[in-house]
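J.: Work the whole structure out from these sequences, hints included.
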Amino acid sequence: MPQAINLRQIEIFKALIEHGTVSRAAEVLYISQPAASKLLMQLEEDNKLKLFDRHKGRLTPTKQALRLYEEIGRIFAGVRQVESAIDFIRREDQSRLVMGVIPALAGAFVRRTTMNFLGRNPNVFCYIESTGSQWITDHVVTRTIDVGIVSSRMENPYIATEPLLEHPLVCIMPPGHPLSEKKVLQPKDFENVPFISFKADSYTGQKIGQIFEKYSVTANLVLTADASPTVCEFVAAGLGVSIVHPLFIAGMEDRLTVRPFEPATPFDFLICYARDARNAELISKFVHETKAMAKEFVGSLFDGEDSVQSALKL
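Quick note: the sequence shown, position 23, residue 22 per numbering that gives the first Met the number 0, numbers continuous.
To be clear, the hints were calculated from the coordinates, so they are not data collected in a lab. Heads up, some of the hints might be wrong.
Computed list of lysine-lysine pairs in DSBU-like fashion (alpha-carbon distance at most 30 Å, straight line) [what the hints assert, rightly or not]:
1) K198 <-> K294
2) K47 <-> K37
3) K181 <-> K55
4) K181 <-> K294
T.: Laid out in C-alpha cells, this is it:
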C-alpha cells in the first residue's frame, strides 16, 4: 500500500520537472545531488509509480510524471492563495488600497503615480491589478477593488466616476522621422505612411478609424496591436507612426518624438470607485495624486523643445 506523501519528495519532483536536471533541482532546493536522486527514487518506490525513464544518467518524465505534475501545480496554486490570504490578514492593521488599472496605463504612469502616493502615505499597502475596464468596474461594485482607472463609460448608481485627463490624441514617431519636421500633423499627412494601429474594436482603434474614414485617408497599415506598450515599442523601433493618448507613452519619452494632431480629437480616461467606499479618504488622496501626475506628465511633453526627449524624467 502506498505510503504517506513526503513533502520533500514532492518539492524535488516539482523542481526537476521545472528545471530539467537533477543537479539543477538539487541546487534550487539547496540539497546535494545524491540526496535529490534518492528522494526521487523513494517517491517512485513508495507510491508504485514509474515517473522517469532513465538513460545515460538523464531522467525523462513519463506520462505518469506529467500527470502528477499537473495535479501538484493545482495544489501549489491553492497554497499560494492561502499565503496571499495570510498576507492580507497580517496587514489588516495597515491601510490597504487595491487598484485596478487598464493595461494601457499599468506601466510607467501608474508606477510614477503610486510612488508619489506612497511617498506621502508610507504606511499604505498597495495592490495593483491590471485588467480590462469591465472587470475593474464589476469589482469596484463588489468592493474587491477600491479604485480603478478605466477607458469605457459606465452608468452604475453604485459607482462614482471622475475624469482623469481629457486630452487630444497626439502623433508619435521614431526620432528623426520625416514627419517630425512638421509642428502639427493632420490626417492628410498619414496618406500611405506606414502606420501602427490598435485593434479596430478597441476604444483607441475606433477613434483612429473614425478619423481616417472622415478625412478619406488611406494609411499603410503595417501592424495592429491590442496594447499601447506594444504600439509604442514598434513605433520606437522604426516600423511606423501612430496616434495615441499622450499618457500611453509614459516611460518611453526618450525613444519617441511627439507632435500635436489636428483636428483635436478628445480622449479621456475615468477614475472610478464605490460611492460608499470603506476607505474614502485614502481613495481621495490617490485620485488627487493620479490627476496631478497626468497633468504634470502631459504638460511636460510640449514644454520647451518639440521633442519628447526633453520631457519630464521621473
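J.: Confirm or reject each hint.
T.: Structure-based check of all given hints:
{"no.": "1", "hint": "K198 <-> K294", "result": "27 Å, holds"}
{"no.": "2", "hint": "K47 <-> K37", "result": "15 Å, holds"}
{"no.": "3", "hint": "K181 <-> K55", "result": "67 Å, violated"}
{"no.": "4", "hint": "K181 <-> K294", "result": "25 Å, holds"}
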